[in-house]
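Peer 1: Spelled out from the first residue to the last, the chains are:
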Amino acid sequence: MNGMTAVLPTVVASFLASFVEVVEAFTIVLAVGLTQSWRPAFIGSGLALVVLAALVIIFGPLLGLVPIEVLQFSVGALLILFGMRWLRKAVLRAVGVIALHDEEKAFAKETEALHRQARESRADFLAGVAAFKAVLLEGVEVVFIVIAVGTAHGLTLYASLGAVAALVVVLAIGIVVHRPLSRVPENTLKFVVGLMLTTFGIFWTGEGLGVEWPGADLSLLGIFAILAAASLALVRWLTNVRSLLAAEAAE
Amino acid sequence: MNFVRAVVTEVLGLFIDDGNLALLSLCLVALVTVLIKFLGLPPIFGGLLLLLGCLAILAESALRAGRSRR
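In order, the protein sequence lines correspond to chains A and B.
Under our numbering, the first residue of the first sequence is numbered 1, with each subsequent residue one higher.
Under our numbering, the first residue of the second sequence is numbered 252, with each subsequent residue one higher.
Think of the hints as simulated: they come from the structure by calculation, not from any bench.
Do not rely on the hints blindly, as some may be mistaken.
[Unchecked claim] Short derived list, chain B residues pointing at chain A, Cβ under 8 angstroms:
| no. | residue |
| --- | --- |
| 1 | E261 |
| 2 | L265 |
| 3 | D269 |
| 4 | L272 |
| 5 | A273 |
| 6 | V280 |
| 7 | V283 |
| 8 | V285 |
| 9 | G297 |
| 10 | S312 |
| 11 | A316 |
| 12 | G317 |
Since the model is a prediction, treat every value here as computed from it, not as a measurement.
Using N, Cα and C, we set each Cβ at its ideal position, and we do this for glycine too.
All chains, full assembly: derive it from the sequences and hints.
Peer 2: Below you can see the structure in the form of structure tokens.
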């Protein structure tokens, strides 16, 4: 069951999803470090990582007590909600209905807020809280992704490795460039992650309900391909509709 | 308190962005469950229905968002 057909998508999904979240957290921590000082940035981030580790230590073993079919069904349903949300946003961003996420803009916004707080006596504390919040909130998503894509097939270790690899890669790039990672093709990554999470969601919800997918784990690739083709067609169709409407409005 | 609210909002926000999308997705999962477990639909057809249903819900949600934000 745990052949490469299941391990590879698990590691890739965990890596890509975590990569996007770590980039967003990194932007805020970098703003704190460069604007205020590195001490609150490190303390805030460190405390958040401790809280996240505690969440994993507390909730990880509890999941082992849940029967596998119930676990697959419930995690699958949550992954459908989670993945469809990512996919919808990525489609709408690709079409231009909502703006692309801009790390430079997020960095500037956070820097401005920190500058405003800089004169306050507890500026260091507030900067630390900003770093703590960013790492904790983005980290909660990473923890969910790792547990969700890993647990249902007993691949949590591989999913964790994907997330740790994303953290290492983002930190390595961040240390070298020393600025927000605004050139990361975030929407493309979110599109792929949305597709992968929805694929896992459909697959596991089905398995939890007793579906014997043709080709077992290989059907993950088939579900992914169908979702990808349909989503790209949706983007193309919505783009055409918007162009036509814009042309009509201009006449 | 604000911080706790932010965490709760963030956790809920993991799954719910467009309320309709979330509700329809849950209804789809519930429908497929009922069809397979209580009405004897062969599970593989339930799986296919789940896949097609997700695509239909995604298309409806994206189209609706496109219309409302024009």
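Peer 1: It remains to establish, for every hint, whether it holds in the given structure.
Peer 2: Hints, one by one, checked against the model:
A hinted interface residue such as E261 of chain B counts as satisfied when its beta carbon comes closer than 8 angstroms to some beta carbon of chain A; here the least separation is about 5 angstroms, so the hint holds. For L265 of chain B, the shortest C-beta to C-beta distance to chain A is roughly 6 angstroms, which falls under 8 angstroms, so the interface hint holds. Residue-level restraint check for D269 of chain B holds (minimum Cβ-Cβ distance to chain A is 6 angstroms; threshold 8 angstroms). Satisfaction of the interface hint for L272 of chain B is found here, the shortest Cβ-Cβ separation to chain A being roughly 6 angstroms, below the 8 angstroms cut-off.
Checking A273 of chain B against chain A: minimum C-beta separation of about 6 angstroms stays under 8 angstroms; hint holds. Look at V280 of chain B: its Cβ gets to within about 5 angstroms of chain A, closer than 8 angstroms, so that hint holds up. Using the Cβ-Cβ criterion of 8 angstroms, the hint placing V283 of chain B at the interface with chain A is satisfied: the shortest such distance is roughly 7 angstroms. At its closest, the beta carbon of V285 of chain B sits 10 angstroms from a beta carbon of chain A; the interface hint therefore is violated under the 8 angstroms criterion.
With a cut of 8 angstroms, the hint placing G297 of chain B at the interface with chain A holds, because the nearest CB-to-CB distance is about 6 angstroms. Given hint, S312 of chain B at the interface with chain A, holds; its Cβ is 5 angstroms from that chain's nearest Cβ, closer than 8 angstroms. Annotation: interface hint on A316 of chain B holds; nearest CB of chain A at approximately 6 angstroms, less than 8 angstroms. Annotation: G317 of chain B was flagged as interfacial toward chain A, and the flag holds, the nearest CB pair being 5 angstroms apart, inside 8 angstroms.
Of the numbered hints stated above, the single one contradicted by the structure is hint 8.
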